[in-house]
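S.K.: All chains should be built: construct the whole structure from the sequences, respecting the hints.
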Amino acid sequence: MTHKSLYIFLCSMVLLMSGCGKQRTAVTAAGSTAFQPFAESLAEKFMETHPEIAVTIQGGGSALGIQAALSGAAQIGMADIVDLPPEAKVLKSVVVARDGIAVVVNNANPVKDLTEAQIRDVFSGKIRNWKELGGVDHAITVVSREAGSGTRSSFEQLLKGFVLTKDAIIQDSNGTIRETVVMDQNSIGYLSHGLLNDKLKALTVNGVACTTEEVLAGRYTIVRPVYLFTKGDASPACQAFIDYVCSAEGQKMIHDSGLIPAK
Amino acid sequence: MQNLSNTSDQASHPANLSAGKRFTTWCSDHLARYVFLTVAFSATLSLLLIALFILKEGVPFIIKVGFKDFLLASEWSPMNGKFGIYPMIISSLWVTLGAMLIGAPLGVAGAIFLTQFVPRSVMRVIKPMIELLAGIPSVLYGFIGVMILAPFIRSHFGGPGLSLLAASIILGIMVLPTVISISIDTINAVPRSYLEGALALGATRWQSVHMVILKAAHSGIIASVILAMGRAVGETMAVIMVAGNSVKIPGSSLDSVRTLTANIALEMGYATGLHRQALFATGVVLFVVVMILNSLAMAAMKKKSRGAA
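The listed protein sequences correspond, in order, to chains A and B.
Counting from 1169, one number per residue, gives the positions in the first sequence under the numbering used here.
Counting from 59, one number per residue, gives the positions in the second sequence under the numbering used here.
No lab work stands behind these hints: they were computed from the structure.
So the derived label-pair ranges between C-beta atoms look like this:
(1) A:D1366 to B:S353: 47 to 57 angstroms
(2) A:A1307 to B:I194: 29 to 39 angstroms
(3) B:V346 to A:E1216: 45 to 55 angstroms
(4) A:A1307 to B:G255: 56 to 66 angstroms
Please read these numbers as outputs of a predicted model, since none were measured by experiment.
Glycine is no exception: its CB is placed at the ideal position from the N, C-alpha and C atoms.
M.R.: Right under this line is the structure:
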């Protein structure tokens, strides 16, 4: 009896697995954790109209996205860094979105605007007190991401390169940066435009706010591209997904979820 | 193993069994033996494999970068090829020391109180409750640290709040169960006659506790503190959340620090190539430190059991 049921169980598992594998073409995209949630909702929508393709989205970071595309571990690599590493040159890339990096402070902070030079000085530790920026007389707590983060390297490159102060608090995700700035009145950090909320305040940079309109108009300058990579020509299934992301519908979804469309 | 075959012999008189049955019994005995042997060895084997893997990934890196430029340099900038972990070694030591300054006296005092100054029935209620502390996930400790302790330090003492002090306090509380329960066991192992003798000689309760009982139990208490140090050095999640993770040698207890464990966990997600190897090499350093602490604890324990015998 038990043998029989075990046998039936095994048979049905084998049938189930083969059933899953054959019908749908699998597409795997891996990389940028900042773009991951957006890619996931895009993939969901895409699969509604293309039931024959199964898209899996994985994180891992921009560097891993490029590595995965190179090694073939994922058909599509996702990366959102400004200066692509040399090994990425051999990949076919397409910019599918842009992401503004907002400089954020606590809601209680009276400072509203900084110039790029001031931001550079704050993050490199030359300006250490809010008083010098027209705020209260209190030390500035700089909050940054860990080495290797795509957001951090983009931020540093877009501000023409500075060496982060050693006093900076390091947090390992956009979310924890947001929480730290929400908790600490005297802190300053940066995060992806799509992740802003009303619990903290995005500063205007040179008088320009970090909004979709200003980025599209080219006035807000701390902006990084979001790339999708394929090694050589994409397979039809991959190409269908990339086309969907670039289509009017995909771009509208990107816009609605807080990122900035590519065009 | 001898016991195992004896019991089964008694249970099913082999003389009464057919040769086939006897063969089956013999087989299952030996099978059981090897199954348990394999299980026992798999624990050791996995430790060995972990050690080998970390060493294989980390040691070539240390050789390539150089012992001095890795262990004694204070610049950590993996994107620019600088891999100095000296500030993190110092920070790890400070955080551990801070945790011990808070956890060890509290823990030992708690153990003395629970064994000497409180009725047994009360201890039987309180001790399991303290041991429950050990079961609370470290994320929760970290969460409390971020939400309550760090803002408190920020508003009362200054600094960013996420600091060496916050990490030490949180870790000090986290190691309490380790210190208390091992200390209670060693204090309870001290023969009752020692205390009675001291009291009979006219010592007060407190005098007999700190002059006789603590003396007799000191190696076990030291072992409990060393084991707690191992826990504090290795703790990661809670420390990442409350320590602030700046890579620098702390100037005061209000400065933010990054420990060795935090360094690995923070940058693991993005690290590739040399950077990844550097994190494994950090793991090698951590592994060596924890090994040293554990061997010290074992040595202290051995001394204790010899003393008792």
